[in-house]
Every structure is written in C-alpha cells, then in structure tokens.
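Protein chains: 2
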Amino acid sequence: MIYPSLLQNLIDFYKKMPGVGEKSAERMALSTLELSEKDIDDIAKNIVLAKEKLHNCKICGHLTDQEICNICSDDSRDKNLICVIEDYKSVFSFEKVGNYKGVYHVLNGLISPMDSIGPEDINLSSLVKRVENLKNPELILALKSSIEGETTTLYIKKIFEKKDVTISRLSYGIPMGAEIDYLDIITLDKALEDRKKISE
Amino acid sequence: MIYPSLLQNLIDFYKKMPGVGEKSAERMALSTLELSEKDIDDIAKNIVLAKEKLHNCKICGHLTDQEICNICSDDSRDKNLICVIEDYKSVFSFEKVGNYKGVYHVLNGLISPMDSIGPEDINLSSLVKRVENLKNPELILALKSSIEGETTTLYIKKIFEKKDVTISRLSYGIPMGAEIDYLDIITLDKALEDRKKISE
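Line by line, the protein sequences are chains A and B. Be aware that the first sequence starts at 1411, since it is given in this note's numbering, and climbs by one per residue. Be aware that the second sequence starts at 1411, since it is given in this note's numbering, and climbs by one per residue.
Some hints could be false.
Given that identical chains are not distinguished, each listed pair holds provided it fits within a single copy or across any two copies.
[As the list claims (entries may be wrong)] Pairs of lysine to any residue, SDA-like flavour, derived with a Cα cap of 20 Å: (1) K1425 x A1454; (2) K1463 x S1446; (3) K1463 x L1564; (4) K1606 x Y1565; (5) K1511 x S1522; (6) K1606 x L1440; (7) K1573 x F1504; (8) K1426 x N1466; (9) K1506 x K1545; (10) K1499 x L1445; (11) K1545 x P1414; (12) K1499 x D1422; (13) K1506 x S1434; (14) K1455 x P1414; (15) K1511 x S1483; (16) K1455 x K1600; (17) K1463 x L1440; (18) K1426 x S1581; (19) K1463 x N1419.
Simulated from the structure, these hints should not be mistaken for laboratory data.
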C-alpha cells in the first residue's frame, strides 16, 4: 500500500464526490492535511452537523435547518406562485438567478412507472393540500424533459384540471448563446413549436 | 444568502481544495449530504485522526502514522541508495512507479535566498548525519529544475564533495510520448546536452 491508511481513507472519501477522479482525490486528501488543526476540527464538526440538522422544510420540502425554510417564511414572496421542482438543488439554481419572487414545492422525485415510483411515492399530496388553501394560484412546473418529467407534468396537470389553478411550464427553446447549427433537432423542433410572436 | 450556513461552510471547505471551483464545491457539498450518517461520522473522525496521527518519519521525513515509515523499516530496501526530494508527495509518485528499491530523504523545502530559506531551514543536517553511517552511499537528487531546486542541488553537491558519496540527479529530457515539435526550447536543449550514446 502506497498511502498510510488514514490518508487512503481520505482519498476514498473524496473519490465518492461527483467529478472527482483518483488524481484529484489524492491532491485533495494531501491538501486536507495541510489545513490547520482548527480548520480540521471545524470541518469535521460541520460535516456531522450539516447531515444532522439539515432536513426538508415542512411546507415546501426545501433544505433548511429550521422547521420552515427561509423562502416559505419570507413575507415578501408571492405564496400563490409555486414553482414545482424535482429536488432542492433546483431551488438553489432559481435563487441564483434571483428574479423569481414566488415559492417552491420540492417533489423529491418524479413519477416513474419503470422504477415503480408512483404519485404516492413523491411529495405530491402535500402540494394538493397546499393549493387548496390558496386563491387562484399558479403552478410553474419546472421538471426535466425526460419521460419521468413529462409523466409527472401530465399527472399534476390532471389533478388540478377542474380546480381554479393556473398551470404553466418552463419554455423549451434554444439556450442563450448557443449556435443554432449545433443544436440537437428535438430542441430545435421545440423552439419552433414554442416560437414567440414579436411583431405588434 | 442562498445556502443554509451549514451547507455554505461545506462549500467553503471544498473550495479550499486545489482545482475545485465554486460550481464543483457546491456539487460536492450537496453530494456530501447524500452520504449515510455512518459514512459522515466515519469521515469526520478520519479527517481529525489523519491530521493528528500522520507526521514525519524520524529517519527520512516521509509521512507516516508510525515512528519510522514503512519504507525505512522495509529490510528489502537498499539503505545506501537515498533519493532526496522536496516533499513527501514525491515519495508517493516514485512508489507508484514501483521500480525504485532505495529509500528517501524528504527535505521539506528547498533553499531559497529570495524567501530567506537557508540550508538550516530545511531537513538537511539529518541527511548529513544519515550519510555518515553509510558505506559508499548514493544520493539521487530529484529536485525540480527551478532556481531553488538548482541551488539546493548545488549546495548538497558541495556538502558531500570530499566525502565518499556518489551524487546523481534525475535525467532531464523529453517526456515519453511528447511531440518534439511542441517541446519548450529549454527542455530540448537539456535533452540534447544529456543525450545518451546508443551505438556500441
């Protein structure tokens, strides 16, 4: 064995991270040893605390260390506008954009008959209950354009069909700055279908 | 603040790692949360232990959790052949190659008058003592080809000048598989100078 086992364990830990290969894991483990003892103690405590204290918001399912997340408890946000997403990582993406002033609902999964994941296995019933208490709410479905995403979108559309709920989805189209020549045909087809009138 | 502070601390930790940017650090922090509680506890303990228990080998300065590292305590290795290196990371590189059967001496730095690092500031006096007890030893200087590396190489050469010590350095030359057309001129010049006769 080339590495002392305590170092090898660190390397194995880093190798579990997305996009981290053998070489990077080694460099990261070695540079971890160069941190101060205080930094090391802090991060060890923080890793355990983060796992222990961070859980899903009681209302929307987003990640929080409170009972209710900072977005749901923000009075300036429009509670009638709910962006429905697959997992809490998307919340961070939308919040980085910074223009969205509504709230979220994290499904924690998508309906997938192939994997025996039904509507009852994802965070959907709480969405239904949430919407019941709102007046003319709008749901923005921001789910990926996979079979599971489409299935879940259709299912949610159906649940709220006869209720006073506006349902929209994110637009499909050409990513900003993309070369049209290199775009895949399905995206191009969607961009054509979803074209927007710009004349008066 | 977009991220809960416990998560932000994790992101900040990963951002300190070499080659890890904002985006990767975020992905790594989020995937850390997906580890099991047991894995989290294990790694938290391991980070602290690695920092606490890993130190320099009493003989060569390599990283070990013992008093004397596994290389110095390996009877099958040639104790008269000492590869002198800047830091213990190089030991791992040589050991991965796997062909070197001598031992190492980790200087833990290089002489650098510009940074007021003199011979007494690096792990040199222990090398002198080590060599005194050997018969016809060979020192392989494997230091980088910077001003500091060259200065240190010259200094070591001078220390052992009048003693019965063979001193060699790694060869300079063309990296295996490199295109000669794209090689920098200094390397090409060194490769010419260090050329090896292959005719009988």
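K1455 and K1600: within-copy, between-copy, both or neither at 20 Å Cα: This pair counts as neither: shortest intra-copy Cα distance 48 Å, inter-copy 51 Å.
Is it within a copy, between copies, both, or neither that the alpha carbon of K1606 lies no farther than 20 Å from that of L1440? neither (53 Å within a copy, 37 Å between copies)
Is it within, between, both, or neither for K1455 and P1414, if the alpha carbons may be no more than 20 Å apart? Between copies only: 16 Å across chains, 23 Å inside a chain, cut-off 20 Å.
20 Å Cα cut-off: does K1425 pair with A1454 within a copy, between copies, both or neither? both (18 Å within a copy, 16 Å between copies)
Alpha-carbon proximity context of K1499 and D1422, limit 20 Å: This pair counts as between: shortest inter-copy Cα distance 17 Å, intra-copy 24 Å.
Treating 20 Å as the Cα threshold, decide for K1426 and N1466: within, between, both or neither. The answer is neither: 23 Å in one copy and 28 Å across copies each exceed 20 Å.
Within a copy, between copies, both or neither: which one fits K1499 and L1445 at a CA-CA cutoff of 20 Å? The answer is between: 16 Å across copies meets 20 Å, while 29 Å in one copy does not.
20 Å Cα threshold - placement of S1483 relative to K1511: within (13 Å within a copy, 65 Å between copies)
With identical chains, the pair K1463 and L1440 could be close in the same copy or across copies; at 20 Å between alpha carbons, which is it: within, between, both, or neither? between (29 Å within a copy, 14 Å between copies)
How would you classify K1506 and S1434 at a CA-CA limit of 20 Å: within, between, both, or neither? between (27 Å within a copy, 15 Å between copies)
Taking 20 Å as the upper bound on the Cα-Cα distance, should K1573 and F1504 be classified as within, between, both, or neither? neither (27 Å within a copy, 70 Å between copies)
At most 20 Å between alpha carbons: which applies to K1463 and L1564, within, between, both or neither? Answer is neither; intra-copy 35 Å and inter-copy 57 Å both fail.
Of the hints listed earlier, those the structure fails to meet are numbers 3, 4, 5, 6, 7, 8, 9, 11, 16 and 18, in rising order.
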